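Using the hints, position chain B against chain A.
Here are the chains, one letter per residue:
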Amino acid sequence: MKINDFVIKFANVNGSGSASANSLFAKAVFRMGVPVAPKNIFPSNIQGLPTWFEVRVNGDGFLGRREGIDVMVAMNPQSWADDLASIVTGGYLLYDSTFIREIERDDIKTIGVPLTKLCNERFTVPRERQLFKNVAYVGALTALLDMDFEVVKGMVSEQFKGKEKLIEPNIDALELGRQYSLEHFDCPLDVRVQASDAVGDQILMEGNAAVGLGCVYAGATVAAWYPITPSTSVAEAFDMYCHKLRVDKETGKKKFAVIQAEDELAAIGMVIGANWNGARAFTATSGPGISLMSEFLGLAYFAEVPAVLVNIQRGGPSTGMPTRTQQSDITACAYASHGDTKHVLLFPSNPSEAFNFAMESFDLAERLQTPIILMSDLDLGMNEWTTSPLKIDESKDWDRGKVLDAEELNNVEKFGRYLDVDGDGIPYRTYPGTHPDKGAFFTRGTSHNEYAGYTEDGSVNVRVMERLLKKFNTAKTLVPKPVFGQLSQSSTMGLVYFGTTDIAIPETMNLLNSRGIQLDTMRIRAFPFCEDVVNFINDHEQVFLVEQNRDGQMRSLLISECEIDPAKIVPILNYDGFPITATCIADMVSKLLGKQMSGADAGNFAAE
Amino acid sequence: MSYIAKPKFHHPKLPRNDLGLTRRDYEGSMSTLCAGCGHDSVSAAIVEACFELNLPAHKVAKMSGIGCSSKTPTYFLSKSHGFNSVHGRMPSIATGANVANNELKYIGVSGDGDTASIGFGQFAHAVRRQVDMLYIVENNGTYGLTKGQFSATNDRESVGRKGQENAFECIDLAAMAIQLGASFVGRGFSGDKDQLVPMIKAAISHKGFAFIDVISPCVTFNNHVGSTKSFEFVRDNEHTVTATDYVPTKEEIKIEYETGTTIDVMLHDDSHVRLRKLDADYNPSDAAAAMQHIMRYQEQGEIATGLLYLNVNDTELKEKMNLVDAPLNALPFSQLRPGADALEKINNSLR
Chain A
212 MKINDFVIKF
222 ANVNGSGSAS
232 ANSLFAKAVF
242 RMGVPVAPKN
252 IFPSNIQGLP
262 TWFEVRVNGD
272 GFLGRREGID
282 VMVAMNPQSW
292 ADDLASIVTG
302 GYLLYDSTFI
312 REIERDDIKT
322 IGVPLTKLCN
332 ERFTVPRERQ
342 LFKNVAYVGA
352 LTALLDMDFE
362 VVKGMVSEQF
372 KGKEKLIEPN
382 IDALELGRQY
392 SLEHFDCPLD
402 VRVQASDAVG
412 DQILMEGNAA
422 VGLGCVYAGA
432 TVAAWYPITP
442 STSVAEAFDM
452 YCHKLRVDKE
462 TGKKKFAVIQ
472 AEDELAAIGM
482 VIGANWNGAR
492 AFTATSGPGI
502 SLMSEFLGLA
512 YFAEVPAVLV
522 NIQRGGPSTG
532 MPTRTQQSDI
542 TACAYASHGD
552 TKHVLLFPSN
562 PSEAFNFAME
572 SFDLAERLQT
582 PIILMSDLDL
592 GMNEWTTSPL
602 KIDESKDWDR
612 GKVLDAEELN
622 NVEKFGRYLD
632 VDGDGIPYRT
642 YPGTHPDKGA
652 FFTRGTSHNE
662 YAGYTEDGSV
672 NVRVMERLLK
682 KFNTAKTLVP
692 KPVFGQLSQS
702 STMGLVYFGT
712 TDIAIPETMN
722 LLNSRGIQLD
732 TMRIRAFPFC
742 EDVVNFINDH
752 EQVFLVEQNR
762 DGQMRSLLIS
772 ECEIDPAKIV
782 PILNYDGFPI
792 TATCIADMVS
802 KLLGKQMSGA
812 DAGNFAAE
Chain B
2 MSYIAKPKFH
12 HPKLPRNDLG
22 LTRRDYEGSM
32 STLCAGCGHD
42 SVSAAIVEAC
52 FELNLPAHKV
62 AKMSGIGCSS
72 KTPTYFLSKS
82 HGFNSVHGRM
92 PSIATGANVA
102 NNELKYIGVS
112 GDGDTASIGF
122 GQFAHAVRRQ
132 VDMLYIVENN
142 GTYGLTKGQF
152 SATNDRESVG
162 RKGQENAFEC
172 IDLAAMAIQL
182 GASFVGRGFS
192 GDKDQLVPMI
202 KAAISHKGFA
212 FIDVISPCVT
222 FNNHVGSTKS
232 FEFVRDNEHT
242 VTATDYVPTK
252 EEIKIEYETG
262 TTIDVMLHDD
272 SHVRLRKLDA
282 DYNPSDAAAA
292 MQHIMRYQEQ
302 GEIATGLLYL
312 NVNDTELKEK
322 MNLVDAPLNA
332 LPFSQLRPGA
342 DALEKINNSL
352 R
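Heads up: the sequence lines are chains A and B, in that order. Take any residue in the first sequence, count from 1 to its spot, add 211: that is its number in this note's numbering. Take any residue in the second sequence, count from 1 to its spot, add 1: that is its number in this note's numbering.
Here chain A stands alone, though its shape is the one from the complex:
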C-alpha cells in the first residue's frame, strides 16, 4: 500500500491542453494537505511533441525528483514504449482504451478508460472533445486514488470564476472519468492520497513568480529583458504583479517600466543605465544571455554601477537543452567578462528563498555598487514547489548604499567617486542631477583614477584594482551565510551542495543513514565564499560536493578562491538535464565510500 508516497507521471502531446488538467491534479493533492512536487518535462516546441508532467506525492516532504513511476497516465502514442518501461513493477498504467494498444509488460496493472469515446459522446465541439479528455482522466484519478472529489470540484469553480459557463462542462468531464472508474475498477487502488496536515501553511509557487514578486517588493521600477526560456516568466511575473500592485489608482499610470529589449545586450545596458540614475532595475536571462551580457557586466563591475541579473540556468553548452535544468553557468557568471572581473552570486534553493534573495540582491547591488547575479535554474524557476509562505520584515527599510545627496555634498571638500573613504573598498556615488556644482563625475569603462578621470598610469590602475578586490572581500561579510545540517560537527566527512539540490538532501541523508553513513552537511548560498564555508571544508577530512554540471564548477571556484587541496573535495555530479535524485547522490557517496549500493538505477553517474 502506497499512501501519500508515490510518483505519478502524465505523458501528453504538447499543445493539447494537458497542462491545466495536470496542474489541477497536483494542486488538488496539495489542497488535501499532502506535499507535492510537480515537474514539467517539456520540449522546446509549441505543438505536437511529447511532454510530461511528473508529480511526486510525499507525506514526509521528500520532494526531490525520484526515478520509477508508480502511476503512468499514458496519453501519447509517440512515447508509449518508453513510458511503459518507466513504470515500476506492480505499478499502474492508466490509458485511453478507445484505442487498442499493445501492452508488453505483465508485471504492471493496466486501467483502460475509453476517454476519447466518453468525451466524443458527451461533447460536440472538436476542441472540447480534445481538452476534456485531460479533465476526464483527472476525474478517473480522483476515484482511483481516493481523492476528495469536493476539493477538485471546488478548484474547477475557482479556476473559472467569472466564466461560469465553463464550470459545468469541466465538472461533467471530471464525472465522466470518475463514474467510469467507479463502475469498472476496484476503487480505490493500493496507491492513494489521504488528507493530511503535512502541508501546514506552505504555498505552491513557481520560483520565477517568486523572483518577480521579490523584485516588486524590493522596489525595482525598471525591468529590461529579452525573451528566453526558462527565464521569460520572471519578467512576466514582475509585470503581472506590478499591474496589480503598482498602478496609480487615480491616473491609471504605471510606477514601473517593463521594457522588452532588442537583445540581451540592450537589456543589461538599460538595467545599468537605470541603476546609474538611482532606480532599482533588473534583468532576467539564461545561459546564452549571460554570454551576451558579459561585456556590460565587466563595465558595471569596473565602473561600479549596481545591477541585478537573474539567471535561470538551463542545459548548456551553447543553445544546449533549453527546457532542461542544470547548474552549469557558475564559472561563466562568477568571472563574466574579460580582464580581472568577479561577480557576487546568490544561490536560492526554493521559491521562498528566491523571493528573499531577489529582495536582498538589490540591497547588495546598491551596497556593493556591483552586479549581483541570482543563480536560479529551470527546475526551481518553471516548476511549482511546496514552499514556506512568503514573508517580509515590515520594519526593515531598503539599503540604498553609499549615495551622497546635495546637502552631504555641500559638506564634502572634494568629491572623489572612487575614493575609499571608509576603508571597506566601497566608494560613494551620486545620482545625476543632485547638485549644481558638486558630485558630477564621468562614468567610464576605461582605467580611471579616484576622481573618475581617465588615466593610463599603471600604478593608479593597480590601486583601483586592489580596492575592487578589497570590496569583494567586504562582500564576503555581507552575502547570505551557508546553512549547516547539524549543530556540532559529528562526522569527519561532509556533504556540500547548493541551489535546487537542496530538495533532494533530506531524503539523501535518510538513505545514507540507513546504510550507516553519517555526514555533516553545508549548503552554500553565495559567492564569494565567507569564512564559514572555508572553515567547514577545513574542519572535515573529506567533503563530497554535489553539483548539476559536468566540470565541477563550484569545486573549481572553491579550489581557486580558497586555496583548498583539490583532493579534499570529491565531486558528485549529475548533468543529464533532470533534477538530481536522492538515490543518485546516496549511491554515488556509498560507492565512493565502498559501501553496499542500493541496486536501484541511480540515474546519471559522473566519471569515477
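What the hints contain is simulated information worked out from the structure, not anything from laboratory work. A portion of the hints provided could be inaccurate.
[Stated by the list, open to error] Some but not every residue of chain A turned toward chain B, in silico, with C-beta under 8 Å:
| no. | residue |
| --- | --- |
| 1 | L424 |
| 2 | G480 |
| 3 | W487 |
| 4 | F507 |
| 5 | D608 |
| 6 | F652 |
| 7 | R674 |
Quantities reported herein were computed from a predicted structural model and do not represent experimental measurements. Even glycine gets a Cβ: it sits at the ideal position worked out from N, Cα and C.
Same frame as chain A, now just chain B:
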C-alpha cells in the same frame, strides 16, 4: 596620456546667461583629439547651445559609446554627469537612464562606427522607442582610434587614404532615423557653426528622439582628395535645404520672411523653431518626401543639410509606456513596496 583639466579662471567681463553663468561654466576638460578635429567644433557648438538655452548643467546627462567622438563628452559640460559606456551600446544605457528619470536632458554623442556598425541595432531601437534625447553622430566616415579603416557611412565612391576604393553601399543615418520614426532629424557640418548651434538648441528643446548627423571630418585619416568626408568636399557639396532659427519661449519672432518660405513650429516647452525653406518645394513634416529629397541629393553626390524632418505630434517613450509623471527614481519606498497584507493575500491565493 591622462586627461587635462582646463584652468577655471576667466575674464570678469565674459558675457553671462540668465543663470549668471559664462560659456566657461559649460566647458569641459582640454580636448585630446587631433588639432583641427571636427569633433571639437561640435563640442563647442554644444557648449554654445547649452549656454544660450540657460540650461543648468547638472540637469544634463552626457552619454557616449566608444571611439574618438565618444571621448568628447569629457570636453564639454564638466558639471554634468557623464557615461562613457561600451562600443555601440550607448542607446541602451541612455534608454535605461531615461526611463528612470526623464527630467534630465540627455545628450548622446556617438560616431559612425559606434552607431552605423557595432551599435546599429541599438540605435534603431532607441529611435523607434522615441527615447527623449538628443543623439548626435559625429560622422567622419572612418575609424580614427584604430588609424583609418573605412566605416559604414563612407560613400561608395569614396577613396581611402592609401588609394583603396570603398566597394560597399553607405548607410545614411539621417535617412535611417526618419525611416525608423525619429521625430527630429537634422544634418549639419562641423564647419558650419551658424547652422549647427540653432539646430542643437531646437533638438534639446524637442521632446522625443532628436537625431543630428554631423559631418565632422577627420583631419588625420579621412581629409584627403577622393574622400567624400573631407572638409573641402563637404564644404563644396553641402546643400542646405532648410535653415533653422531657434526662438526661445520669451522672445517673439521678429524677423519677417517672405510668405510661404518659412514654417514656424512650436516645441513642447513653448519655444519655436522657424525653418526657412531654402529649397522651395521642401516639406520637413513629410517623412516620405524628406527621404526622397535626401536620396536625390545623394545621387547627385551632394549632402543635404539642415533640419530635415520634424514631427512634434508624436509621443516619447515615457508617454508611450504610460509612466507616472514623477521620475521612477524619485518614487518613495512607501509607494513602491506593497505591504505585508498584500503579501498575505498572495500567499493565500497560492494555497
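Hint by hint, here is what the structure shows:
Given hint, A:L424 at the interface with chain B, holds; its Cβ is 7 Å from that chain's nearest Cβ, closer than 8 Å. Checking A:G480 against chain B by beta carbon gives a least distance of about 3 Å; that is within 8 Å, so the hint holds. Annotation: interface hint on A:W487 holds; nearest CB of chain B at approximately 6 Å, less than 8 Å. Satisfaction of the interface hint for A:F507 is found here, the shortest Cβ-Cβ separation to chain B being roughly 6 Å, below the 8 Å cut-off.
Hint on A:D608 holds. Least Cβ distance to chain B is approximately 6 Å, under the 8 Å limit. Taking 8 Å as the C-beta cut-off, the interface hint given for A:F652 holds, the closest approach to chain B being about 7 Å. Checking A:R674 against chain B by beta carbon gives a least distance of about 14 Å; that is not within 8 Å, so the hint is violated.
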